[in-house]
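Mind docking chain L on chain A? Use the hints.
Top line first, the protein sequences correspond to chains A and L. Numbering-wise (this note's numbering), the first sequence opens with residue 779 and increments by one. Numbering-wise (this note's numbering), the second sequence opens with residue 300 and increments by one.
Think of the hints as simulated: they come from the structure by calculation, not from any bench. Heads up, a few of these hints could be off.
Cβ-Cβ distance ranges computed for the label pairs, FRET-style [as the list claims (entries may be wrong)]:
1) Arg441(L) with Tyr789(A): 46 to 52 Å
2) Asn434(L) with Gly812(A): 49 to 55 Å
3) Arg441(L) with Met947(A): 50 to 56 Å
4) Gly884(A) with Asp312(L): 49 to 55 Å
5) Arg901(A) with Gly365(L): 49 to 55 Å
6) Gly857(A) with His305(L): 21 to 27 Å
7) Pro341(L) with Ser927(A): 24 to 30 Å
8) Gly885(A) with Arg335(L): 45 to 51 Å
Quick caveat: nothing in here was measured; it's all calculated off a predicted structure. Glycine included, each C-beta is placed from N, C-alpha and C at the ideal position.
Here is how the chains run, residue by residue.
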Amino acid sequence: MLRADALQAIYPELQDRIVVTIMGAVAAELYMLGHRHNFFYLEHAMGLASSMGLGIALSLPEQKVIVLDGDGSLLMNLGTLSTMARYKPGNLLHIVFDNESLLSVGGFPTATSTGADLAGIARASGVPQVMEANTPESLKDAVTQALASNTLTTIVSKVEAIGPKSFHMDLPLLENRFQFKRYLEKVRK
Amino acid sequence: MPVSVHSSKLIYDALKACDVRIISALPETWLVHLIRMADEDPEMTLVRLAKEEEGVGISAGAHLAGVNSAMLMQNHGFLAAINPIVSLALLYKIPLLMLISYRGHMGEKDPWQTQGGLVTEPVLRALNIPIWHLNNRSDIDRRLKDAQTLAHASLHPVAVLLSRELMWED
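Same shape as in the complex, but just chain A (with noise of 0.2 Å):
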C-alpha cells in the first residue's frame, strides 16, 4: 500500500480532529491532500510526536487526538509506548505507517526490515488495543472503530517506501504553531 492512499482513505476521519504528524513523507503527503488548523506537523524532534499526542489527548479529555508517526521515529522513542500503555487516554488513536525505512533521509532501511514488530512491542507494552492494516480499506476501518472504542489504540499500517517528490510546504512551522494552538483554544472552551 502507498502512504499517500492509506491516508486518503483515512482522509475523512482525520479533517476535523486533532492530528500530530511526525516529520518529512507523512507531513507533505497530509499537507497535499489539504491542510487544516487542526493540523500540525512536527517537522524535527523525531520521536516525540506521540509524546505530543499524548500531552494533548491529557489535557483534552473531551477531543479525539490523532498521531501519525513511523517506523523511524518510533523507533527513536520505544518508551512513548509503555508510557501510553501506562495512563491509556481512550481519546489517543496512533498510526504507525511502517515502510521499514528512513525515507526522507536515504532510504536507508529501519530494524523492522531485519524483524522488529512494532504491533508486537506495542501489545507487549501494554497498549490495550493494537491492530494491523494493510490495505487502504481495513486501515479506514481499523481507524473507524478504534475511534469509535474510546480506547487507546496503535494501529501499523505497512506501506511502501515510496514518498513524494517534494516535501515542500508552504507553512512556515511558527504559522503551523499558532493556527494549532489556536485551534485547541477554540474546542477547549
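Below, chain L without anything else, positioned relative to chain A:
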C-alpha cells in the same frame, strides 16, 4: 532519607499556585517527595516517563492545549533531553518550566554525579536558557512564579535549579 519534605512541600505548593496541572517526572532521590505529592493530588496529572525527552513532548502538547505543565528531572535527565529541547521547544517557541535537581555540585558525595554537575550550567547557557537557582525557602514562591511568567512571555524554556541546600538535610 534526608530529602527535605518541608522544601518539597513549599515547591509543590508553589507549582499549584502557578496553576500547574500536568507534571512529568522521572524518579530521582531529591524528587521523591515532589513526585509523591503529585501522585497523591487528585487535581494533578502526573506522567511518569520512560525517558526525560518524552516530557518535552508532553509539555509541548499541554501548552498548545492551554494547560500549564512542569517537568521534574535530574540534571542528567536534562542532558538526556537536549535534542527535544532544541528541536521542539526552542524551534517551536514552547515555554517549558523545568525543575532540575542540581546533582554533582558543591557537597556531592557520589562520584558518578560530578561530570553532569560540572556541565549543567554551561549547557543551559549555551542553549540560552535562563537559570534560576532555588537555594532558599523564602524565595520559592516568587522564583517559581517569575520563572513561569518569563517562560510564557518569552515562549522559551526556563530552568529552575534545585540546590542541595534546599533539598537535602544532612
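Evaluated hints:
1. Arg441(L) with Tyr789(A): 46 to 52 Å: Distance hint for Arg441(L), Tyr789(A) holds at roughly 50 Å.
2. Asn434(L) with Gly812(A): 49 to 55 Å: 53 Å, holds
3. Arg441(L) with Met947(A): 50 to 56 Å: 43 Å, violated
4. Gly884(A) with Asp312(L): 49 to 55 Å: 51 Å, holds
5. Arg901(A) with Gly365(L): 49 to 55 Å: Roughly 33 Å apart at Cβ, these two residues miss the hinted range, so it is violated.
6. Gly857(A) with His305(L): 21 to 27 Å: Since Gly857(A) and His305(L) have Cβ atoms about 33 Å apart, the given range 21 to 27 Å is violated.
7. Pro341(L) with Ser927(A): 24 to 30 Å: 26 Å, holds
8. Gly885(A) with Arg335(L): 45 to 51 Å: 48 Å, holds
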